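**Student:** Note that the protein sequences, when read in sequence, are chains C and S.
Position 61 of the first sequence, counting from 1, maps to 61 under our numbering, and the rest follow consecutively.
Count along the second sequence from 1, then add 337; that gives the number in our numbering.
Just to be clear, a hint being listed does not mean it is correct.
[As the list claims (entries may be wrong)] Ranges of calculated distance between the beta carbons of each label pair, as one might list FRET restraints:
| id | chain 1 | residue 1 | chain 2 | residue 2 | range |
| --- | --- | --- | --- | --- | --- |
| 1 | S | Glu-709 | C | Glu-12 | 45 to 51 Å |
| 2 | C | Gly-161 | S | Arg-433 | 55 to 61 Å |
| 3 | C | Arg-201 | S | Asp-569 | 46 to 52 Å |
| 4 | C | Ala-216 | S | Ala-555 | 30 to 36 Å |
| 5 | S | Ala-750 | C | Leu-129 | 34 to 40 Å |
| 6 | S | Ala-750 | C | His-27 | 46 to 52 Å |
| 7 | C | Gly-161 | S | Arg-377 | 56 to 62 Å |
| 8 | S | Arg-435 | C | Phe-106 | 48 to 54 Å |
| 9 | C | Glu-158 | S | Gly-489 | 52 to 58 Å |
| 10 | C | Ser-134 | S | Asp-569 | 32 to 38 Å |
| 11 | S | Arg-705 | C | Ser-134 | 28 to 34 Å |
[What the hints assert, rightly or not] Chain S is nowhere near these chain C residues, computed Cβ spacing over 10 Å in every case:
| id | residue |
| --- | --- |
| 12 | Leu-20 |
| 13 | Leu-37 |
| 14 | Phe-54 |
| 15 | Ala-56 |
| 16 | Ala-114 |
| 17 | Pro-165 |
| 18 | Gln-166 |
| 19 | Trp-180 |
| 20 | Ala-190 |
| 21 | Trp-196 |
| 22 | Thr-250 |
| 23 | Ile-302 |
| 24 | Ile-314 |
| 25 | Val-320 |
It should be emphasised that the hints constitute simulated quantities derived from the structure, not laboratory data.
Fair warning: this is a prediction, and the values are worked out from it, not measured in the lab.
All residues carry an ideal CB built from backbone N, CA and C; glycine is no exception.
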Amino acid sequence: MTAADQTQSPLETGPRLRGLRRFVHHHPSLVTMPALLAVFLGVTVAIHPGYDSFDAQSLAMGAMPLAFAAAAQAVVLISGGIDLSVGSMIAVCNVLAATTMENATFGESLLFAAGICVVGALLGAVNGLVVVFSRVPDVVVTLTTGFIWGGVALLILERPGGGAPQEFIQLGAGFLVSPWISGSLVLVAAAVAIIWIPVQRGRLGLLLYAVGSDKASAFRSGVNVELTRFLAYVLGGLFSAVGGIGLVMTTGIGSPLAGVYYTLSGLAAAVLGGVSLTGGRGGIVGPVLAAYVLTLIPADLIFLNIDPNFGQVIQGTLIVLVVMGGGLVELLQRRKK
Amino acid sequence: MFGGTNGASGSRGSRVPFSHLAAEMTSTEILLAASNVAKRFNSVVALKAAALEVRAGEVHALMGANGAGKSTLVKILTGVFPADGGEIAIRGRERRFRSPAQARQAGVVSVYQDPALVPDLTVAQNLRLARVNAKAVRAWLADLGIPELDLGAFVRDLPYPVLRLIDLARALASDPTILLIDEITAALPADLSERIFGIVRRWRERGRSVIFISHRMAEVSALCDRATVLRDGLTVGVTDTARGSEERIVELMLGYEVAHTAAAGDARIAAEAADRAAPALEVRGLRCGRLLNDVSFAVHAGEVLGIAALEGQGQEELFDCIAGVRERDGGEIIVRGRPQDFRHPADAIGAGLVLVPANRQQAMLPQRSIRENVALPAYRGLRHWGLIDMSAERERVQEAIRRLHIDTRAESALQRLSGGNQQKVMIARWLASEFKTLLCFDPTRGIDIGTKRQIYALLRELAAAGAAVLLFSSELPEIPLVCDRAIVLFAGRVVHEMAAADADEVTLLRASHGLVPQREASA
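Looking at chain C on its own, in the form it has when it is part of the complex (with noise of 0.2 Å):
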């Protein structure tokens, strides 16, 4: 053995990270997700001069419904799962809020809207029983429950209709203090807050990371695996009824065909948001805020008079491109390890 073997102890751990490069290290898509908005926007507004509190406005409500696509996408990858029937889970609660709240009144939906939220969950505890208890893959699992929600969402509503009250819309549609603040922003601030938190900062957020990042090694560190991935699927049901319902207020309508979009896009949205397919890593707030770029992707598109099909082509491109630098950057980082 040389000198230089001897060199590199085996408890060599590498320098200490402190402050802001040990944030960016631990939540990387809390630094460029905000970055890669900025740069959208700024284009935004660079190719569109008159961009004003309307179109802020528009693009808040067209991005809320995927924001919470992406954040029950992201809850399940996270969990190391992984769910392709979010969007039918939307398009049957976005129905049942547009049917049941047509002819009932501002207090009443409401209540509505509290047994959606119910309903959501229990459609995201049906796919994370099968899934737990039947062991067969969750893609396959949640592919043909996606099936059947599909169908219920028309069974309850043949096309698209139905409808909610003026006041229930508005808190969507609405604005708060200033016109730039759209109720839609507030809403999904608020329902990230309000589920989010709590199981981020509580023992579940640890158990959900544990699970996805190591299903044998948090067994064996006393891990309920089986509840943990159960309960993933319940909040993602949890954030897609919300997600529905906060199409009803964008919309004004129930669709019933709503769901493939809000599948492959909420899919998208947590990928470029930083949550890793294989589990463990990534957050909420990366997800949603990837929501927001990806909606402004076609709203670019048309201010430029480009065919705004192009847009998927766009999208498709910026998460690979994102994607890759973000395992380009790891590698680069290991080889100087």
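Position chain S against the provided structure of chain C, taking the given hints into account.
**Tutor:** Only chain S this time, still in chain C's reference frame:
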């Protein structure tokens, strides 16, 4: 800083008999009593009837050759999976743990071979996950020599030896009455092992018990009071570990009286081959990862070189480096006099080095036919303007199938063949393409005896035809049967080299546990 070792390096000579006396003098309360513990995984019987009895204030070694069932027993005792049968009593009370969390509550905690730490959480979060007090862990980490460890660092960013120490500190902090330590010293430098021994001894002085699994006989006799020996899932004996008991333990592990029989059979020492030009494959000072430290050997054309080692002594890394699956960290690989730098398995195959892995799943196409599986690596030589010459392919494949006596009744899909026939297909594929050196990693694992014999005969036949064969086997009797020479790996180094005639099971097993005759140890 070294004052913290708690006298670990103090009284080496007197300690063993003294502690032994202490164990007898203190109460002989039985902390843990397990009997008739059985476990099978599908068709594989891991444990038949294991028994283990651990007294209070005792360091108890659990020993056995590869696959004897040590780790399975540890995992059953700590609730990782349930036993199929048997009784386990803690302090005389019948217990059956359904999860590690339950075992922990009852005071039974294990430090597993693979640290039970979640990579994407920080150290502190991992401690919270297991509901362990961070302050207590810090104190133990200080004792283990890493007082300044950043508990806010991600586990995935920390090196493996540190993780094992964290795992150990976490286990100690939960204050178990019975601590199980599975192979902790394999990954650690010697001075650190000494620290751990110091802690284990302190633990014993408090009247707690430690179940210690190690392949290193010297550690066991220095640290442990008694040893339970497992063989093929059965407890075959309990013995003192005082100096001089190594022979008895080796006998128990092997299952028969050690008689130094004269090596039978022809002495196929490849002396004449060694004199021939450059070796078919030479490895010098090879290093890779944390397990392969410094391995050098040469294998010549016409020779079968056997490698014996217990699990995790660097043999996987060795074969991966030679076959181009992994990049080495240092050292040289020389093929017929030319230094090589493989970056891909295709490079190694191009240089005439081909690998038959132990795990057939890694190499086979289960849904495809025998023909396609055999021909896969040969396509390079069978192409004509990009198209595959089907008749040439059929010819080569038929020849290989005939030589290996492969049962072709279920030839349309490899997954329908028996394990032995699958393994033969994996060897056949290399017969159909050209190779100079065959790397066989435990090729007979899980294969019936008849097929095994066919594979042995084939390896000899290949060597006779001028191929060089490197054979790692976890079944020690195979080595004198098939090989010309044998080397033994221990802790990532070659500790013993011998002619086949001297490579009896006892010598191989002793060397695998680091017990090497003085002459070779100094060489």
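**Student:** Hint by hint, work out which the structure violates, then give me just those numbers in ascending order.
**Tutor:** When the structure is compared with the hints, none of them turns out to be violated.
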